[in-house]
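Enquirer: Make a model of the complete structure from these sequences and hints.
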Amino acid sequence: MDKSKKVNLELDLEENQVRFTITDEGTGFDYINLSDPTAPENLEKSGGRGIYIMKHLSDEVKFEDEGRKTILTFYM
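Okay, so the sequence shown: first residue is 1 according to our numbering, each after it adds one.
One or more of the hints may lead you astray.
Stated by the list, open to error - Here are the simulated SDA-like cross-link-like pairs (lysine to any residue), alpha carbons at most 20 Å apart as the crow flies: (1) LYS62 <-> LYS3; (2) LYS69 <-> PRO40; (3) LYS62 <-> GLY50; (4) LYS55 <-> PHE74; (5) LYS55 <-> ASP36.
Honestly, the hints are just simulated from the structure, not real lab data.
Expert: This is the structure:
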C-alpha cells in the first residue's frame, strides 16, 4: 500500500503458453506457510484468498525473490 513503490507487470505470449510476471518493491511474504482459506477458522476472514484463487485458475504459479515476484503460467 506504499504509493512510492512500483509494481512491474510483464506478459509473455508464446505459441503454447501465456505467462504473467508481477514484480513489486515490497518486503515480500512467506509464500511457503500460507493459511488455508477453506479451513473453517479462516472462512470469515476478509483476506487470504488471492493466492488460493491464482493457484486454482492458472496452470502454474511460482514465487521468487522472497515473494516479491510472482509468475503465473497458463498453457494453451
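Enquirer: What are the numbers of the hints that this structure violates, sorted from low to high?
Expert: Failing hints, ascending: 1, 2.
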